[in-house]
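**Q** Residue numbers (the numbering used here), protein chains in the order written: chain U, 1 to 316; chain H, 1 to 482.
If you are wondering where the hints come from, they were derived from the structure by calculation, not from laboratory data.
Beta carbons: idealized from backbone N, C-alpha and C, even for Gly.
Treat the hints with care, as some may be off.
Said to hold, decoys possible - Going by beta-carbon spacing under 7 Å, a handful of chain H positions derived as facing chain U:
(1) G117
(2) S119
(3) E433
Said to hold, decoys possible - Cβ pair distances, simulated, as ranges:
(4) H/E348 with U/L123: 36 to 46 Å
(5) H/D394 with U/Q134: 32 to 42 Å
(6) U/D174 with H/T72: 36 to 46 Å
(7) U/K49 with H/S318: 35 to 45 Å
(8) U/E122 with H/D394: 19 to 29 Å
(9) U/P139 with H/E348: 53 to 63 Å
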Amino acid sequence: MRVAVLKGGKSLERQVSLRSAARVEDALAASGHDVVPLDAGADLVHRLKEAGTDVAFIALHGPGGEDGTPQELLEILGIPYTGPGVTACIRCMDKVLAKHLLRAAGVPTPDWVAFNSTAFRELGAADALDEIEQRLGFPLVVKPAAQGSSLGVRFAASPDDVPEALVAAFSYDDRVLLERYVNGRELAVSLLDGEPLPVVEVNPREEDRYNYEARYEIGRTDFVCPADLGDAETHAVQDVARRAWEALGISGFARVDLVLDADSTPQVLEANAIPGLTDTSLLPMAAEAAGLTFEELVERMVSLALRPDPREPARA
Amino acid sequence: MPEPDDRRTPAETGSVGGHRRAHQTARDLERYAGLFAERTRVMRSSAMRDLMAITARPEVISLAGGLPDTSTFPPETFAAQMMRIAHESAAEALQYGPTEGFDAMKAAIRDVMAAEGMSPDPDDVIVTTGGQQALDLIAKTLLDPGDPVICEAPTYPGAVPVFCSYQADAHQVEMDGEGMRIDRLEELLDRLAAAGRRPKFIYSVPSFQNPAGVTLSGERRRRLVALAREREVLVVEDNPYGLLRYDGEPEPPLYQLDGGDYVIYVGTLSKILSPGIRLGWAVAPPPVMEKISLGKQATDLCTSTLTQYFALEYFAESRWREYVESLCSIYRSRRDAMLEALERHFPEPATWTQPQGGLFVWATLPPYIDTSDLLAKALRENVAFVPGAAAYVDGRHGTSSMRLNFSSSTEDQLQEGVRRIGKVIGDQVALYETITGEHPVASPSSPATPDAPSHAEGADADTRELRTPGDVVPLRRRREEI
């Protein structure tokens, strides 16, 4: 089968995408597929058409890759693609929208307030910061609404830290959220066709939190998979992840990041429509714990893309 | 000093032949991770490096590189030189050469150094694969894990991974408009001595420093050399830019002032001929040179003979000084264009250095702007710079500063690039002022404050609260300067 691997692009996570794609390309080639690597650029559609693509493997990360953009194009071209559909991608990429949908579906997620920069520039949102801080408490987390890999995420320990954290987050997106910080165990649940894989626990080795460097460098963070949880906890965590999957209308595969708080309640932080597939990524790790090799995982992702039932109701 | 190239390698652009093994299961990785040497723990990749990779996009005006402009080197000269080598010395040029380099190459190096008033003994010279290798070999020769070394704050970003890979305990000494603060250096040496420690060497780029663009004053050069002698500490003088002076009078190299007893000199052809030929050198006292030479044998046996032949052909033409002068005239106009653009486009709280030579300007923004984050925003405007944290060993200082290169862009690109960066800074300044509801007073980094406390030096620099990048290199406010 001719598989186009979409990668790179202009995203800040370009390098991560290239690392994900390199592994995917190897795995596809090892399984006997005809692999067409495509660095996403102005000629993408042209090259997709030219290549006679049977299926597209989307290994793009960040805005412009997992926000529904290439998915929409592939829909138009009639080329099946891996991962969630357009709507789910839009929902996952926008952390604010995702949190609204999760809350509406009764899925626990830390309390938050979201703003765009216009709110500050034109509506005097700064005057509401006291109330916001009172509601969310300290420390709080400030993050851009649409950005992956922890880029632009800041912790504010006190009110003095908030303006600087906002300026940092606004460097990545015009919309940011302030979120209550939930102290607890950091967990990730990857799902394949709606079925949760074993839970991964993430323990940063150093004082720096689960930041960009720690994410992609071997030996900087300890991962435990399956996480050391009781059966009930495991079940609760996986159940919440599955409910997040449903609330966001995900299909194919995804990774849900959660925190298990002091009361053992799993709180969903976000869902990733195109989780990383690098050496240190969590989805491949979870799949391996479930007995799937990376080649098998990739093969499965491709076969899910080719499944005849539509991932979303057709739009008239 | 050669600059780590930010461009993508062919491997990254993705060729697929199925020849790379898919071997990277989590278990495999754990197995490899268990084999890594202790020193790899401090060898780090970074988010910044990944961001820098994006700057290679053609639509991006990159003020991030440290690249000289090689487009002015005449292709006919290149062709003629290679042709002569092929006809006259093919076998030799394709053969191994002496570890320390060809004698003729050393003679050419002597010419280059003589242009700055130095006359080293050829036996003290070793030709290296770029100045970067000279640095690496010096560190390999002198450093045991945990040994203190001292460098400037900010320091050459490419020196940071060298110090890290030999597990050095690097200390940084603040600079001002006259380069490294020697009084601070003395304090640091005293503090280290009190703890029973002596640094192996003091690393300095005294002329048109990368990244700060400042030059160590003549008076401080003499004090530094005297101090090294008095305390029996070596100085590593890294001088890639000395000949790229656009105005003012040259200062004597440390090597010349010292006579080569305590100063190890590092030079390179990267900035005056080509970085692609990877030719640099070190000059060191004979006992040190002996060890460096042994280290080089282990590393790569000898520097490329082919590129030494290339350089020799070039120096045989004896027009190298003309070429350097032509570079100086191009870079001078570009520096002026950048400084003019900074004056026009950078918002009020920003400050920057006024280099008399070299390739870089160092700009400092209000402390609430993190330039690593700002780079993300700047990349959306298709412009790039190096975030200041790259020039600090702990990666936590310099977070409000940036390095801007003016040598590898045209004057129009410089104008436009600086305009775009100025715009994103202006946006963030306005946003901050809106959020805080105040117009913050001049940041602590703004005025040149000779008595500003250093947060960059000291045995415990790594553990301090390092949110005060601005006072490391107090920069002049632009109105005082122009």
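**Q** Which numbered hints are broken by the structure, listed smallest first?
**A** 1, 2, 3, 4, 7, 8, 9
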